[in-house]
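J.: Heads up: the sequence lines are chains E and D, in that order. Just so we're aligned: the first sequence equals residues 1 to 200 in my numbering. Just so we're aligned: the second sequence equals residues 201 to 493 in my numbering.
Bear in mind the hints are in silico, worked out from the structure with no lab data behind them. Just so it is clear, CB atoms sit at the ideal spot from N, CA and C, and this is done for glycine as well. It is possible that some hints are incorrect.
Cβ-to-Cβ under 7 Å is the rule here; a few derived chain D residues that face chain E [said to hold, decoys possible]:
| hint | residue |
| --- | --- |
| 1 | Val-257 |
| 2 | Ser-259 |
| 3 | Trp-270 |
| 4 | Val-274 |
| 5 | Ala-278 |
| 6 | Thr-364 |
| 7 | Asp-366 |
| 8 | Tyr-392 |
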Amino acid sequence: MKVWKLVGVLIALVVLAGGSLNAYVTSQRLNESTCLGCLALNPRGAPFTDFWSAYPDSYGSREGKEVQHPSWVTGEVNNGSVVMLFFWYHGCQPCKQQWDDMKKRGLVEGSEEDGRMTPPYAQNVTLITIDVVNSDRTDARTVYAQPGREEFTPITVVVTGDQGNLYWYAFQGPADGVGGRPSVQELIDIIEMAIQVREG
Amino acid sequence: MAVCGFNCGACPFAYLCVPLAVGAVFAWKRYARSPLQKKRFVSQLSFLFITNAAFLVGSTGLIYTYFYCWESPVAAMACPIGILEHASIELNWMLAVYLLGTIALVCMVFGRAACGWACPIGFLQDMLGMRRKIKSEKAQRADQRMRPLKYAILLLIPPVCYVTADMAYTNLCPVGGLTATLPALALDPGGYTLGVYFVPKMLFLGGFFVLIVMLTRGWCRHLCPVGAMMAPFGKVSLLQLTVDMDKCTHCGACKNVCPMDINLPEDHASTECIRCGQCVSYCPAGALHLGFT
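Okay, chain E solo, but in the shape it has when bound (with noise of 0.2 Å):
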């Protein structure tokens, strides 16, 4: 009797190491995730003028370089849509805040886990949220955001194209239209200007 408690306490032990792992990885995620919310603070944008196509000056070093844009954006936008990538985690206060604002506005519908742009958008833009923490497209924020500032979320990018360019704005924190971000109706109009040009 006594083995087969010592057998059961050690898969517990082994149930506990192996989650505890799995609980190691999460919590170092959520350390290099820099919650904006909690440093009350939120980063300074580049006001939207038109899209880009390489980095723009507010990249630092990265300015005027080319954007190696992941293989599963550039696919999307080959097959004729406006991508929106959101890039957020549970508990984070901005993410919250500006998930709420889009779906206000009826940007957006859903949750940030499964969210989808609405009917009026859905035809023309593809909608793909990150969760920093748990999605393997995590490091794709290191493309799109600027050099030092790659743990601040959330992050928000539009990418379209054109004949076989890829044109693309991003930006960090709320979208609550103060410090260079864009207000959510000014997201939406820049959503709208990325469908034209998507269409040519």
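The hints should help you fit chain D onto chain E, whose structure is shown.
T.: Quick look at chain D alone, frame taken from chain E:
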């Protein structure tokens, strides 16, 4: 400014450098009185470095067993309260087990020693604390009545975070304001706009400073939810404060120096004890001992 040879412009804690140095000079008078307190000073300094070692080891998934913000520019580990909030929001049980396992493992051995020997916020309080003792009986009673507040805060965090799906405590956390918000602003003053919680966070930070200047270890006594998490282990930990009642002359020196105002020597196994060993260092009869039982 380059007083110490380092590049202050790139240091997120440059604004704390001079106050910490001045505080250390004053605090050293107290630390230097005994070998045990000198060891504690070295330990606190070492943990201040370990806590901010992300520039060497990156961001790890380990959890601090004391209070420090993981959004601090060079924080190497995760905030226990931040982990608790995420576990509550996502109902992530493994994260909760990982947190409780880490706290239990450390506290079963050391009790609340992390508060006295490792916590940078405790270190700050030791340096800023003016050894203000509560003299009037009325104030002492109020101090005792306020102690459970930290447990109430700890117990409220999971349900509030779950219901609001927000990091309710973190949004207002003064420790985050001190160790993350201000350093971020110091590093890049023009790089941010203020978030919705900036003003309340700074107000709480102001209150935090008033508390720790007015009352020795005021934060640890009344408000620290990490201390509340660790406190119950104080009764059963291997590291204990013991008293040899045959040697004790009841002079009251231990009670007088205790930063947590514990009723020593009677209440030597108190959950409030942070194992700082000041009572051991100051006992003229050598009746107190801090060691593994």
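J.: If a hint holds in the structure, say so; if it does not, say that too.
T.: Each hint, compared with the structure:
1. Val-257: With Cβ-Cβ at 11 Å, over 7 Å, it is violated.
2. Ser-259: 4 Å, holds
3. Trp-270: Interface hint status for Trp-270 of chain D: holds (5 Å vs cutoff 7 Å).
4. Val-274: 12 Å, violated
5. Ala-278: Since chain E brings a Cβ to about 5 Å from Ala-278 of chain D, closer than 7 Å, the hint holds.
6. Thr-364: 9 Å, violated
7. Asp-366: Hint holds; Asp-366 of chain D Cβ to chain E Cβ min 6 Å, cut 7 Å.
8. Tyr-392: The hint holds - Tyr-392 of chain D has a Cβ within 7 Å of chain E, the shortest such distance being about 4 Å.
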